[in-house]
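Number of protein chains: 2
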Amino acid sequence: MTVRQLSLPELAEACDELGVASVGLWREPVQAYGLGAAARLVRDAGLTVTTLCRGGFLTAIDPAARAAALADNRRAVEEAAALGTDTLVLVSGGLPAGSRDLRGARERIADALAELGPYAQSHGVRLAIEALHPMYASDRCVVSTLAQALDLAERFPAHQVGVTVDTYHVWWDDSAPEQIARAGAGGRIHSFQLADWTTPLPEGVLNGRGQIGDGSIDMREWKGYVEAAGYTAPIEVELFNEGLWARDGREVLAETAARFMEHVIQ
Amino acid sequence: MTVRQLSLPELAEACDELGVASVGLWREPVQAYGLGAAARLVRDAGLTVTTLCRGGFLTAIDPAARAAALADNRRAVEEAAALGTDTLVLVSGGLPAGSRDLRGARERIADALAELGPYAQSHGVRLAIEALHPMYASDRCVVSTLAQALDLAERFPAHQVGVTVDTYHVWWDDSAPEQIARAGAGGRIHSFQLADWTTPLPEGVLNGRGQIGDGSIDMREWKGYVEAAGYTAPIEVELFNEGLWARDGREVLAETAARFMEHVIQ
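Here the protein sequences line up with chains A and B, keeping their order. Numbering that gives the first Met the number 0 numbers the first residue of the first sequence as 0 and each following residue consecutively. Numbering that gives the first Met the number 0 numbers the first residue of the second sequence as 0 and each following residue consecutively.
The set of hints was computed from the structure by calculation and includes no laboratory data. We put the beta carbon where it would ideally sit given N, CA and C, even for glycine. Hints may be right or wrong, so weigh each one.
Unchecked claim - According to the in silico footprint, chain B covers these stretches of chain A (three or more CB under 8 Å from chain B):
1) 1–12
2) 114–127
3) 130–140
4) 222–228
Said to hold, decoys possible - Here are the in silico distance ranges between beta carbons for each label pair:
5) B:Gly223 with A:Ser6: 50 to 58 Å
6) B:Val263 with A:Gly185: 35 to 43 Å
7) B:Asp71 with A:Asn206: 33 to 41 Å
8) A:Ser98 with B:Ala20: 50 to 58 Å
9) B:Ser21 with A:Glu261: 28 to 36 Å
10) B:Arg154 with A:Glu254: 37 to 45 Å
11) B:Arg154 with A:Ser98: 35 to 43 Å
12) A:Asn206 with B:Glu241: 36 to 44 Å
13) B:Gly35 with A:Gly223: 49 to 57 Å
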């Protein structure tokens, strides 16, 4: 999604040129390209798919909307399996229209996970609940902290449900380091994503994630927390940023790889 | 600030017409009108000043900037005392330019409170640390939760330093109810403010607070929490909203009073 301006073949080629061996994919471009074709493309390119983003939106009250959401999440599980990734990231969903009941919405997520967890397991896929920044609590994700995400995940086996740690969403939270330790001890850090925090936030606050190094987050510090918690899987950089999307995608990918080396690895 | 389009005399008159007996003031319009004149105005109008907003911005590293901030906060204490309110609300400040050290910034706030607390006490004023929504963590306030605000406040006597509970900033936080109980038990709820959460957020996310009843927050629920924690002082409605500011101020004040009755009191 960081370079959504690139087609999947362009992405595979750019990754090859840069020596990037793993990539996180989103469902929409995969569906547009064709699931089977996308799976062949990444396999032929030797790319590992780290995660598929995203399932979720599990907070509907209306039975028909709820059934549709569950069906869509089962499809997402199948897509993840077809792409060869073991992790499906979940953005849980916001409050239904007119509702003010955060607790009720969180319980409906748990109900959905009870159905989806075993289904995912049967496909060799783990679900990774992503705590989204509290500024998304009403319209995208009522799970706002790692503690809340773990409270949900721990109702299920770790090989069915874990969490995504994304620096953009948790960097402000002084309890996040201990929650990362809790997640690691339970084998539940299923994904680790980076984006930097920059201001001013754009209208709608969706597409203002900062390039690594441009903002307020100490990336090495957070990498240290997940590594101390036992995380050894690939690290994703996921930037929703209108400015980056307006630029040449290969240039942005190269810049992102360079920033990753500078601010995360070195 | 909800009706900043009204001058202070217009505000006093509109409050009188609506039977609103108490008002929270901001420093800028008071300073523009003149502190002495403003104090006389509210006294003559029979208005109680609930709080003065705001002191704070205590995170500077640079010694000169730090000294200037402390001096400005001492003036804010004096202004609060002159207006007859016992509460100065603090917005603590964000990260200094180039800094990524949230912990260090929070410690500098504590250092400042050690100086300002006794100064406020000597003027009959209490400081009320306001936890601001985490979306302001980098540029306005590194204190993002009630737990963090209380961790700071509890280093000092309750009659020197407490907290402001603002629904807009804490509504997403499932640990906020227990933190309100903690604050109440310590006699540290120095102010309670309401604003509703509406989306999409505007660019810069400053002036999108929703009119009471328009958004995702159950106001009675939060009033219940602070009342159960022993809060009996006035409740403020503080809306930063370009749409409300563009309308007739008396109309907005009347609407706000009606919404308060409908969604908070009845």
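Status of the hints after comparison with the structure:
Residue count for the stretch 1–12 of chain A with a Cβ under 8 Å from a Cβ of chain B: 0. That is fewer than the three needed, and the coverage hint is violated. Three residues within the 8 Å Cβ limit are the bar, and the stretch 114–127 of chain A against chain B gives 0, so the coverage statement is violated. Using a Cβ-Cβ cut-off of 8 Å, 6 residues of the stretch 130–140 of chain A lie near chain B, which meets the minimum of three, so the contact claim holds. With 0 residues carrying a beta carbon less than 8 Å from a beta carbon of chain B, the stretch 222–228 of chain A misses the three-residue requirement, and the given coverage is violated.
For B:Gly223 and A:Ser6, the hinted distance range of 50 to 58 Å is satisfied, since their beta carbons lie about 54 Å from each other. Distance hint for B:Val263 and A:Gly185: a CB-CB separation of about 41 Å, consistent with the stated range 35 to 43 Å. Under the hint 33 to 41 Å, the C-beta atoms of B:Asp71 and A:Asn206, about 36 Å apart, fit the expected range. Restraint check, A:Ser98 to B:Ala20: a C-beta distance of roughly 34 Å breaks the suggested window 50 to 58 Å.
Range check, B:Ser21 to A:Glu261: Cβ separation about 54 Å, and the 28 to 36 Å hint is violated. Hint check: B:Arg154 to A:Glu254, Cβ distance near 44 Å, so the stated range 37 to 45 Å holds. Restraint check, B:Arg154 to A:Ser98: a C-beta distance of roughly 39 Å satisfies the suggested window 35 to 43 Å. Taking 36 to 44 Å as the suggested C-beta distance range, the pair A:Asn206 and B:Glu241 does not conform, at roughly 21 Å.
A hinted range of 49 to 57 Å for the beta carbons of B:Gly35 and A:Gly223 is consistent with their spacing of about 55 Å.
Going down the numbered hints, you'll see the structure goes against 1, 2, 4, 8, 9, 12, while the others check out.
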